[in-house]
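Undergrad: Given next are the chains, with one letter for each unit.
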Amino acid sequence: MKLHEYQSKEIFRQHNIPIPEGVLCTTPEDAVTAVHGFEGAAIKAQVLVGGRGKAGGIAIATPENAGEIAAQIMGLTIKGLPVKKVLVEQKVDIKQEFYLSIAFDRNSRRPLLIASASGGVDIEEVARISPYLIHKESIDPYSGPEPDQLMRIAKNLGLDSALLSTIIKNLYLIYDELDCTLVEINPLVLTIDRDLIALDAKINVDDNALFRQKGMQELYEKNLADLEPLEVEAKKLGMSYVALEGSIGCIVNGAGLALATLDMITHSGGSAANFMDVRGGADAFHVGRAVAITASNPNTKVLLINMFGGLTLCDEIAEGIKSNLQKLDIPVVIRLTGTNQEKGWKILEGANVTVAQSTADAARIAVEMAL
Amino acid sequence: MSILVDRDTRLIVQGITGHVGTFETRLMLQAGTRIVGGVTPGKGGRTVEGVPVFNTVQECMDSTNANTSIIFVPPPFAAGAIHEAADSGIDLIVCITEGVPVKDMVRVFRNIEGKDVKLVGPNCPGITTPGQARVGIMPDSIFMPGSVGVVSRSGTLTYEVVDALSKNGIGQSTCVGIGGDPLIGTSFIDTLEMFQDDPETSAMVLIGEIGGTAEQEAAEYIRAHVTKPVVGYVVGISAPAGKTMGHAGAIISGGGGTAKEKIQALEAAGVAVARSPEDVAGKIIGLI
Numbered sequence: 001m002k003l004h005e006y007q008s009k010e011i012f013r014q015h016n017i018p019i020p021e022g023v024l025c026t027t028p029e030d031a032v033t034a035v036h037g038f039e040g041a042a043i044k045a046q047v048l049v050g051g052r053g054k055a056g057g058i059a060i061a062t063p064e065n066a067g068e069i070a071a072q073i074m075g076l077t078i079k080g081l082p083v084k085k086v087l088v089e090q091k092v093d094i095k096q097e098f099y100l101s102i103a104f105d106r107n108s109r110r111p112l113l114i115a116s117a118s119g120g121v122d123i124e125e126v127a128r129i130s131p132y133l134i135h136k137e138s139i140d141p142y143s144g145p146e147p148d149q150l151m152r153i154a155k156n157l158g159l160d161s162a163l164l165s166t167i168i169k170n171l172y173l174i175y176d177e178l179d180c181t182l183v184e185i186n187p188l189v190l191t192i193d194r195d196l197i198a199l200d201a202k203i204n205v206d207d208n209a210l211f212r213q214k215g216m217q218e219l220y221e222k223n224l225a226d227l228e229p230l231e232v233e234a235k236k237l238g239m240s241y242v243a244l245e246g247s248i249g250c251i252v253n254g255a256g257l258a259l260a261t262l263d264m265i266t267h268s269g270g271s272a273a274n275f276m277d278v279r280g281g282a283d284a285f286h287v288g289r290a291v292a293i294t295a296s297n298p299n300t301k302v303l304l305i306n307m308f309g310g311l312t313l314c315d316e317i318a319e320g321i322k323s324n325l326q327k328l329d330i331p332v333v334i335r336l337t338g339t340n341q342e343k344g345w346k347i348l349e350g351a352n353v354t355v356a357q358s359t360a361d362a363a364r365i366a367v368e369m370a371l
Numbered sequence: 372m373s374i375l376v377d378r379d380t381r382l383i384v385q386g387i388t389g390h391v392g393t394f395e396t397r398l399m400l401q402a403g404t405r406i407v408g409g410v411t412p413g414k415g416g417r418t419v420e421g422v423p424v425f426n427t428v429q430e431c432m433d434s435t436n437a438n439t440s441i442i443f444v445p446p447p448f449a450a451g452a453i454h455e456a457a458d459s460g461i462d463l464i465v466c467i468t469e470g471v472p473v474k475d476m477v478r479v480f481r482n483i484e485g486k487d488v489k490l491v492g493p494n495c496p497g498i499t500t501p502g503q504a505r506v507g508i509m510p511d512s513i514f515m516p517g518s519v520g521v522v523s524r525s526g527t528l529t530y531e532v533v534d535a536l537s538k539n540g541i542g543q544s545t546c547v548g549i550g551g552d553p554l555i556g557t558s559f560i561d562t563l564e565m566f567q568d569d570p571e572t573s574a575m576v577l578i579g580e581i582g583g584t585a586e587q588e589a590a591e592y593i594r595a596h597v598t599k600p601v602v603g604y605v606v607g608i609s610a611p612a613g614k615t616m617g618h619a620g621a622i623i624s625g626g627g628g629t630a631k632e633k634i635q636a637l638e639a640a641g642v643a644v645a646r647s648p649e650d651v652a653g654k655i656i657g658l659i
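Chains as they are written, first to last, in the working numbering: chain A, 1 to 371; chain B, 372 to 659.
Hints may be right or wrong, so weigh each one.
As the list claims (entries may be wrong) - Computed from the model, here is a short list of chain A residues facing chain B with C-beta under 8 Å:
1) L48
2) Y142
3) P145
4) T181
5) D206
6) N208
7) A255
8) L259
9) M264
10) T339
It is worth saying that the hints were derived from the structure and are not from the lab.
Note that CB positions come from ideal geometry on N, CA and C, so glycine has one too.
Only chain A is shown next, with the shape it has when bound in the complex:
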């Protein structure tokens, strides 16, 4: 789960990581009032996707142009998500920008601290072009960051060790206590007055740990309103849905098979309208809901259902599909194999669907129908 910047900064504030003064606004008028309260201010779109800067979601405003800029940003839709909130923040006089983050590392299977004197830019880009500017420290989960690691990072960044160490220790505390998968400050800025301030804040929390993170669970529920509605609906049913740009709606059991189905649509010259994994134990009810969710995407011209029955029984799936067919006005291609497949096929006999024998066949037929 991604947190909004303003939510992440509130957590930073509670953990004594300095942040700029700011006000969360939900209307352009409020934003204008907030800008008037500061000498100069940044207006920052609060959306739960990356890349808002490139999409024009961040701008510096003066009291004179605040109305125009606020209206512009609040009129944006960034990667399908409308901007409903902005954070208006006191402008900071920057001397230098740094990068700081803690995330779990797949290879060492430990938390990894990453720091760079090249902050405020895309860190992946820095890692690719000038890897020597990236400093990494692997953290022992039993003890947290060690004093020698903190000193090394401060030295590499050319920063005061005491000042930086406090920030890193507090950042690790957040990471550890709140079951985060990522805590990131980009940029961490050194001001003209030689203070360190987190100009941006990003926190991702482990969805799997929400059961023991009451505060985060509350934020999760609150943030559902700021996500793609179909993704949220699927999530509530324990299914996984991702909207894509194409025209073939997909319903598959299993993430790997769902990805394979998308690829075969691409190989056949088409493109998928969504990714949908109904998970292993899907029953008639869940498959039925999946059909409704997928078909409600206006871009969907054909529905492709691809199921491998292991734990999931083919006759159950067939029932789930059949009872939803009447409501559909788009063609349906089904590939059903595995446990009880004959029973499943029998249920679908006479129904207005095209039955395919393999994933590749199903993809090819669906692509032809979508033309």
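On the provided structure of chain A, position chain B as indicated by the hints.
TA: Structure of chain B alone, referenced to chain A:
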């Protein structure tokens, strides 16, 4: 003719009294697996499907001489179950549970560092050696004994590939589902090494997906150490960046972990990369 599990596997089922644990115990027994005991705290003394239940892994180990454990414990308690099994001196732990918090797994890996125990998973379908043992949830009907080793990050996609192999008369030595989480116990490399050393495995199939760099590292390893033919299959060429695609570990982040770079790395290492499960079978036939 296998790796990790075989006729000599003496299995413990942790979480045996739960709905899934009981159901899967029945199927594993039907597949011929030797299940010597089950563990559920507070439920010792009963039997499930004829298998004696113990309160702790240690009690179970003391009375049964088990060497492998499979975990069907709910996510909040799964890491605790792994710690318990690891501390009991068992050789192999297979964790099926999906949704174990990352922080818990980080501590599990810290705990088993330097210990002589293998962990497969979490969030995996387990391991099947056809005709000998099923330690997991893979449907038995699709398998056929043979000499192709299969290793995969996925569940149903693996079944598709195995099904295609069997339908083309190609049997499997062992099929290992290493799991779809970002942090897993046994890697592609660990499994390839075991297949390379297994005299009964003559070729391998590696099934990967977007996210991380495990396939690239596997490619490096294959180039340097694997002499048996390998067919690769990587899915997610059409996946967008920054979105988790079903599996917690299947995410292209910061432009890294795309299917394209994985396929390129495997091809550069001499791996024949297939475009569909049927194509995996075709490529294997071409190589052996």
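Undergrad: Starting from the hint list further up, note which numbers the structure goes against and sort them upward.
TA: 1 and 3
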